[in-house]
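Undergrad: Each chain is listed here by its residues.
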Amino acid sequence: MALLNVFDVAGSAMAAQSVRLNTTASNIANAQSVAANPDETYRARHPVFAQQLATQQQLMGQSGAAAQNGGAGVQVLGIVESQAPLEMRYEPDHPYANEDGYVAYPNVSVVEEMANMISASRSFQLNVEVLNTAKTLAERVLNLGQ
Amino acid sequence: MNISFDNALGPHAAALKLRDMRAELLARNIAHADTPGFKAQDIDFAAELSRRLGDAGATADTRIRQTSGQHLPGPSGASGSVTLRYRTPLMGSFDGNTVDTQTEQAEFARNNMQLQAALRFLDGRFKGLMNAIKGE
Numbered sequence: 061m062a063l064l065n066v067f068d069v070a071g072s073a074m075a076a077q078s079v080r081l082n083t084t085a086s087n088i089a090n091a092q093s094v095a096a097n098p099d100e101t102y103r104a105r106h107p108v109f110a111q112q113l114a115t116q117q118q119l120m121g122q123s124g125a126a127a128q129n130g131g132a133g134v135q136v137l138g139i140v141e142s143q144a145p146l147e148m149r150y151e152p153d154h155p156y157a158n159e160d161g162y163v164a165y166p167n168v169s170v171v172e173e174m175a176n177m178i179s180a181s182r183s184f185q186l187n188v189e190v191l192n193t194a195k196t197l198a199e200r201v202l203n204l205g206q
Numbered sequence: 346m347n348i349s350f351d352n353a354l355g356p357h358a359a360a361l362k363l364r365d366m367r368a369e370l371l372a373r374n375i376a377h378a379d380t381p382g383f384k385a386q387d388i389d390f391a392a393e394l395s396r397r398l399g400d401a402g403a404t405a406d407t408r409i410r411q412t413s414g415q416h417l418p419g420p421s422g423a424s425g426s427v428t429l430r431y432r433t434p435l436m437g438s439f440d441g442n443t444v445d446t447q448t449e450q451a452e453f454a455r456n457n458m459q460l461q462a463a464l465r466f467l468d469g470r471f472k473g474l475m476n477a478i479k480g481e
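For the protein sequence lines, the chains are A and B, in the order given. Take the first sequence: its position 134, counted from the start at 1, is 194 in the working numbering, and no numbers get skipped. Take the second sequence: its position 61, counted from the start at 1, is 406 in the working numbering, and no numbers get skipped.
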């Protein structure tokens, strides 16, 4: 029954979105973290989403749409650090200031992170809706003919 | 005794199966709303249903014909499979994703309602069969 695959698909999407929420939380929390060495300064992290590839077992066991198209769910390929330049602030009195009086702050864009957070939470909610609907429908199918 | 399940259940069993499959497809589209490069897919329900019901005249058969035993079956050659089509996005995005969340959500809701309708019809057929068996 393809409806039961919805649980895998929506579940993987929820897991991926929660990874995204996690990185957002980490980025916002560390937006002001400085380090003695600019190379060790925190850099914004973002997950990379991709489509899951089907395993051989899935391909053999399933018929129809899922088997035809390979994988179904979302997977997090990895987490990449932003390559954007660090934010240099002129704070000559700061203990970590360099010889010119600049301190390297993380390249986290808080506005971008907020937008990311809202997008992630909306996507998560949507997938919860899908999961609930699929559950209701599967229950109806089970009650068929009673 | 002329009752066969295929005749008794009408097109509703095939419709239910297709709706079930389509629900999974649409759920996948929604799940991949944020995956770069993902292309939203859907099926042509009317064409698939009439193909399953053996109504050859209703739709042009575009499957690849196997004229030799050494030919590999095409993607829609096996029974029980469907032809997936890519959705034309309303508005493209920079990362190549063609999922339009609102469209997919609306289609998912519509598909659910129609799935429940198919279930109701099927349920009615079963109830009718039960009545006929019991003869009450």
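Worth flagging that the hints you see were computed from the coordinates, not collected in a lab. Take these hints with a grain of salt, some might be off.
[Said to hold, decoys possible] Reference excerpt, derived from the structure (chain A facing chain B, CB under 10 Å, subset only):
| no. | residue |
| --- | --- |
| 1 | 66 |
| 2 | 72 |
| 3 | 73 |
| 4 | 77 |
| 5 | 80 |
| 6 | 83 |
| 7 | 85 |
| 8 | 92 |
| 9 | 110 |
| 10 | 111 |
| 11 | 113 |
| 12 | 150 |
| 13 | 152 |
| 14 | 179 |
| 15 | 189 |
Idealized CB from N, CA, C, for every residue including glycine.
Undergrad: Hint by hint, work out which the structure violates, then give me just those numbers in ascending order.
TA: 6, 7, 8, 11, 12 and 13
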